[in-house]
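Read off the chains here:
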Amino acid sequence: MNNHQTRNRICYAVFSLLIILAGYTIENPYYIQVLTFIGINTLLALGLNMLMGYAGQISLGHAAFFGIGAYGTAILTVHYNLSPWLALPAAIAAAMIVAYIVGIPTLKLSGYYLGMGTLGFGMIVNILFREWSSVTGGASGFIGIPTLELGPVSFSSGRNYFFLVWGFVLTSFIICQRIIDSRIGRALRAIHDGEKAASAVGVDTRKLKLQVFVLSAAFSALAGFLYAHLVFFISPGTFSFIASIRMVTMVVIGGMASIWGSLLGASLLTLLPEWLHAFSEFEMVVYGLILMIVMIFLPRGLTRGLLDIYERANKKNDH
Amino acid sequence: MELIPWPELHAMDQSIMQEILQYLFSGITNGAIYAVIAIGFSMLYNSTDLINFAHGEFVMLGSLCMVTFFGSMHLPLVPAIILTIICVAIAGLVFERLAIRSVKHPEPIVLIIITVGASIFLRGLGMIIWGKDAYSIPSFSSHPPLDIAGAKLLSQSIWIIVIFLVASVGLQLFYKKTLTGKAMEANAISKRAAWIVGIPSKLMVMLAFGLSTAMGGLAGVIIAPITMSSYDMGTMLGLKGFCAAMLGGLGSLWGALIGGFLLGILEALGVGFVSSGLKDATAFVLLLFILYVRPGGIISSADANRF
Chain A
2 MNNHQTRNRI
12 CYAVFSLLII
22 LAGYTIENPY
32 YIQVLTFIGI
42 NTLLALGLNM
52 LMGYAGQISL
62 GHAAFFGIGA
72 YGTAILTVHY
82 NLSPWLALPA
92 AIAAAMIVAY
102 IVGIPTLKLS
112 GYYLGMGTLG
122 FGMIVNILFR
132 EWSSVTGGAS
142 GFIGIPTLEL
152 GPVSFSSGRN
162 YFFLVWGFVL
172 TSFIICQRII
182 DSRIGRALRA
192 IHDGEKAASA
202 VGVDTRKLKL
212 QVFVLSAAFS
222 ALAGFLYAHL
232 VFFISPGTFS
242 FIASIRMVTM
252 VVIGGMASIW
262 GSLLGASLLT
272 LLPEWLHAFS
282 EFEMVVYGLI
292 LMIVMIFLPR
302 GLTRGLLDIY
312 ERANKKNDH
Chain B
2 MELIPWPELH
12 AMDQSIMQEI
22 LQYLFSGITN
32 GAIYAVIAIG
42 FSMLYNSTDL
52 INFAHGEFVM
62 LGSLCMVTFF
72 GSMHLPLVPA
82 IILTIICVAI
92 AGLVFERLAI
102 RSVKHPEPIV
112 LIIITVGASI
122 FLRGLGMIIW
132 GKDAYSIPSF
142 SSHPPLDIAG
152 AKLLSQSIWI
162 IVIFLVASVG
172 LQLFYKKTLT
182 GKAMEANAIS
192 KRAAWIVGIP
202 SKLMVMLAFG
212 LSTAMGGLAG
222 VIIAPITMSS
232 YDMGTMLGLK
242 GFCAAMLGGL
252 GSLWGALIGG
262 FLLGILEALG
272 VGFVSSGLKD
282 ATAFVLLLFI
292 LYVRPGGIIS
302 SADANRF
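Going down the list, the protein sequences come from chains A and B. Every number in my numbering is 1 more than the matching position in the first sequence, counting from 1. Every number in my numbering is 1 more than the matching position in the second sequence, counting from 1.
Be careful, since some hints might not be right.
Said to hold, decoys possible - Only part of the chain B face toward chain A is listed, based on derived beta-carbon distances under 10 Å:
1. 46
2. 54
3. 80
4. 103
5. 112
6. 115
7. 116
8. 117
9. 118
10. 123
11. 125
12. 244
13. 278
14. 284
15. 289
It is worth saying that the hints were derived from the structure and are not from the lab. No residue lacks a Cβ here, since even glycine has one placed at the ideal position from N, Cα and C.
Work out the full structure, taking the sequences as your base and the hints as a guide.
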């Protein structure tokens, strides 16, 4: 156990060093921006991974919470002139309350049925963003979201925002790691492996599933907040069904039940469209093909899949 | 409160009745389309336990093939429909052979992502072949609309309902009367037992895929004259057809029919009396409602498995 903890500490130390190094050495503003987006997507993937990878509950509507975070802060800062730093907890709380209310009936379902319930919820929230135009700006989007400022520090520059986002990512990683290593983390994995067995040994599965659903909604809302203040303009398309699916894909391709897998999945799915611009009109075809091929050949995600291949190769050498 | 004089009240009554009838007609038309899409979902789910998120894209393919064969190449109606359905079914078979059969551990989440990948791929393919434009084709025949109690029934609506009836009766006969249909049903009930009595289950799965995507193509064919067809039309249609299938009871043919018509009619009435902006929400509100109250759908027994 101790060994495991020291290894984790070293990992996080190296990770923070890399963030600082990247933040100070990379000069190209485009790279900084892509890395910032990777950070935001990592938060999304991390939250969903807690739900899908550890507790084994699928959600096809998580973009709704991403959207509630983004629209929450946009509405509070623009319509009510609230400071963004007050809007942040408010937006996260809103997402958590919605998750709690929706979670009670939805999490009773499982498998495809749970997927469909969350899908329906996500679609309804997305339609609300689009149709409630007096509040959300409707289909044409919400403009004029203010820049973040903290005393003398302005987060208008790419570098400062990069550090802000990755600071949040690092903190979230540590929070999740601590949850996973705790008693709750073990209970979550028990639910993943067998819900009935878990409840037979005394795990309150209903309560725990709800808690982890609310937690993952909070991470998505945080990502939404960071996204809104980065691009200053949000529209319903960003939080559509496709966005929910993209989040699921990040988790599965990166590797379920792996914190570093979330980082890998988020990086790949952020970078992939950037690389695919070269294909211009073949972009969608290639993107779809890559998704299918990865899932057919590495159904357990890249982290796990590559490890499997490595272990198999090692075994062969032993013989 | 002012009282409305009797003759005017009567006139209002009549116009409201007319309006309701008009919405009902459009609801039944859309309902038939949702039902055809839902049948495709249900059939596939029955035989393979798979939910095909690319199903809406096969509807799109059907619609756009119809635009090419009927709209630009001016083939006669029946050959154009048959050609379209064959093309879409072949696309479905290729999809099954290359993507679905290669999966070694068919877990729901993996299959969901593969079919979503396929839907993105097909959308991209549609964009390459037909471009980003939206097309419309003329109605299958140029009869004037029927006038029933003051409400108008378009000739294409009649076509849609007739084609829907032919397709669903045909399917029912196929399942109940032919050996292949019975074998498919046996395979859907228990693959292992069907295999023991000599039913080739791989072939049955292929057939289910072909039939399911052919139904998707048919939905595309009948919808082409009443909507603008474009490469991105499939997603919403697919999701709504899916809601209809869930509503009635996933895996049941009758459930798909009931779910489709219920969704179509409620949606049309919702547009008429609540708000047209919230039209798309109807399907998903119904979906959540049925999942919370009776997850197995209207048709199934209350204790249907939630997995």
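Hints and how they fare:
1. 46: holds, 9 Å
2. 54: holds, 8 Å
3. 80: violated, 29 Å
4. 103: This interface hint holds because 5 Å falls under the 10 Å limit.
5. 112: holds, 8 Å
6. 115: Because about 5 Å separates residue 115 of chain B from the closest Cβ in chain A, which is inside the 10 Å limit, the hint holds.
7. 116: Since chain A brings a Cβ to about 9 Å from residue 116 of chain B, closer than 10 Å, the hint holds.
8. 117: holds, 5 Å
9. 118: holds, 3 Å
10. 123: Residue 123 of chain B check passes; min Cβ-Cβ to chain A is 7 Å, inside 10 Å.
11. 125: holds, 3 Å
12. 244: The hint holds - residue 244 of chain B has a Cβ within 10 Å of chain A, the shortest such distance being about 7 Å.
13. 278: holds, 4 Å
14. 284: Holds. Min distance 8 Å.
15. 289: holds, 5 Å
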